[in-house]
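Going line by line, the protein sequences match chains A and B. Mapping of the first sequence onto this note's numbering: position 191 corresponds to residue 191, and the numbering continues sequentially without gaps. This note's numbering runs 209 ahead of the 1-based position in the second sequence.
FYI, nobody ran anything at the bench for these hints, they're computed from the structure. Being a predicted model, the structure only gives us computed values, none of them experimental. Be a bit skeptical, because a hint or two may be false.
Said to hold, decoys possible - From chain B, some residues computed to sit far from chain A (all C-beta separations above 12 Å):
no. : residue
1   : Glu217
2   : Lys263
3   : Glu267
4   : Leu270
5   : Lys271
6   : Ser274
7   : Ile279
8   : Glu295
To be verified - Pairs of lysine-lysine, DSS-like flavour, derived with a Cα cap of 27 Å:
no. : chain 1 : residue 1 : chain 2 : residue 2
9   : B       : Lys271    : A       : Lys58
10  : A       : Lys58     : B       : Lys263
11  : A       : Lys74     : B       : Lys282
12  : B       : Lys282    : B       : Lys266
13  : A       : Lys58     : A       : Lys168
14  : B       : Lys280    : A       : Lys74
15  : A       : Lys58     : B       : Lys266
16  : A       : Lys168    : B       : Lys266
No residue lacks a Cβ here, since even glycine has one placed at the ideal position from N, Cα and C.
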Amino acid sequence: MNMNRRGQFFLLAALLLSFLLLLSLAAYRMYSPEPKVYIKRDWIQQAQLVQLARVWVKSDFCILCIRQTSLLLKQLNQTYRLNIPTLTNSTFRDRVLLNTTGYANYTVVFYYSRGSVRVMVYWSYTFQGFYEKKISPTESVVYKNYTLTYYHVYVGGWGSVTVYPSLKDPLEKADLRYLGGGEWIVGFPSNMTSYTLFDQFEIPVRIGG
Amino acid sequence: MNLGRFMEACLIVVVFFIFASLSFIMIRALSNPSYQTVERAVTFYMLNHPFDEKSFKEFILKCSSEIAFIKVKHLYDAEVDITVYETECYNYVTFRFVWIYYGVGNYTLVVMGVRT
Chain A
1 MNMNRRGQFF LLAALLLSFL LLLSLAAYRM YSPEPKVYIK RDWIQQAQLV QLARVWVKSD
61 FCILCIRQTS LLLKQLNQTY RLNIPTLTNS TFRDRVLLNT TGYANYTVVF YYSRGSVRVM
121 VYWSYTFQGF YEKKISPTES VVYKNYTLTY YHVYVGGWGS VTVYPSLKDP LEKADLRYLG
181 GGEWIVGFPS NMTSYTLFDQ FEIPVRIGG
Chain B
210 MNLGRFMEAC LIVVVFFIFA SLSFIMIRAL SNPSYQTVER AVTFYMLNHP FDEKSFKEFI
270 LKCSSEIAFI KVKHLYDAEV DITVYETECY NYVTFRFVWI YYGVGNYTLV VMGVRT
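Looking at chain B on its own, in the form it has when it is part of the complex:
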């Protein structure tokens, strides 16, 4: 076997392995179990509880270990930005939901990342 053929074979093997290692991006979608679990858990919380930052964080972290971050922004009289929980993670799907209150312009925005 000459050197050219050998390099060609190596290249094919390398490309194949990189292809296989990256192919999870195509396979993992929004229907993955962690996304579904978190989605259901957030819905359950929203239907059954008034929003409370501390209890929400405890509840959601108990429901899923795939939470990348939770950011809560309250808007009452003055705007407050709070990052509650964050871990290093690149591949995630973001949930955003608002909790509107009685009164002019009062709301809480929750942004949450779930690892994919």
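In isolation and in its complexed conformation, chain A is listed as follows:
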């Protein structure tokens, strides 16, 4: 009889203990909803690095910009606990911009202990000829005609993603036509040696020498 009682008390004690443990965990979750036992690092951290790389490309890999934005990211990472791991990076720029043909390749790679994030911004163009564009019933302007290929490649935890950003023409002097798959036809006045378009992330895309 005594042994039976002891067993029952033991069972009750175990149940009460687990109940109290769960209650304390619930209270912990309520007042501090983020679990701190394990640091979640996934695609969001890597996507933030992609945006940082786009800023660097926009600055044409300006050293000051790279330093300032890297420092800012480090500070924000500490302040807001973004869980971005310690990083090293390498940048690569290959650019040949001539009148008839040209290309630019900006690559940024972020390395961290468990992998890397690679961002490539690429465009190439080829001169196709001239055409006349009527700007009024009596006046026409000679335009240069180019074909342009423009895309971004992001390699990270998600695999490899190719993005074809849209292009904007702030000067509104160019003829822009999108063919699909990153292919564009661009025409601009022949009195201009080069013309700069901007993509949706405000990265300048220069066509012509």
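Given chain A's structure and the hints, the job is docking chain B onto it.
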């Protein structure tokens, strides 16, 4: 059955039911589908779009019905704090991400809660 035994049995039943009702806390983790969905959706948005508060809110609310809140803080020349969307919710996991811009110290911080 005496009163003591009856109370003991009741206590065991009550404790068991409370235990079972609270055990979801242990089971639900960061790998739950709503967290994963939102995580993927945010990544998709970040890779494909420049950040725009309105379009982001529309996009993310279309992707998931488990959003507890979205808070967006812009820092340009002056600091602006905007709470975009909020519902009453206790159990949630927080996402935080920043969108750094070209220029000194410009960024947008997004804090988002996803129900667990």
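Going through the hints against the structure:
1. Glu217: violated, 7 Å
2. Lys263: Holds: least Cβ distance 16 Å, greater than 12 Å.
3. Glu267: holds, 17 Å
4. Leu270: holds, 18 Å
5. Lys271: The claim stands: Lys271 (chain B) keeps its Cβ more than 12 Å from every Cβ of chain A (closest is about 18 Å).
6. Ser274: Per Cβ check, Ser274 (chain B) is outside 12 Å of chain A; nearest 19 Å; holds.
7. Ile279: holds, 14 Å
8. Glu295: holds, 14 Å
9. B:Lys271 <-> A:Lys58: Outside the cut-off at roughly 31 Å; violated.
10. A:Lys58 <-> B:Lys263: holds, 24 Å
11. A:Lys74 <-> B:Lys282: Between Lys74 (chain A) and Lys282 (chain B) the Cα gap is close to 18 Å, so the pair holds against 27 Å.
12. B:Lys282 <-> B:Lys266: holds, 13 Å
13. A:Lys58 <-> A:Lys168: holds, 14 Å
14. B:Lys280 <-> A:Lys74: Roughly 21 Å between the alpha carbons, so the hint for Lys280 (chain B) and Lys74 (chain A) holds.
15. A:Lys58 <-> B:Lys266: Cα-Cα ~26 Å, so holds.
16. A:Lys168 <-> B:Lys266: It holds: about 24 Å lies between the C-alpha atoms, which stays within 27 Å.
Comparing the model with each numbered hint stated earlier shows that hints 1 and 9 do not hold.
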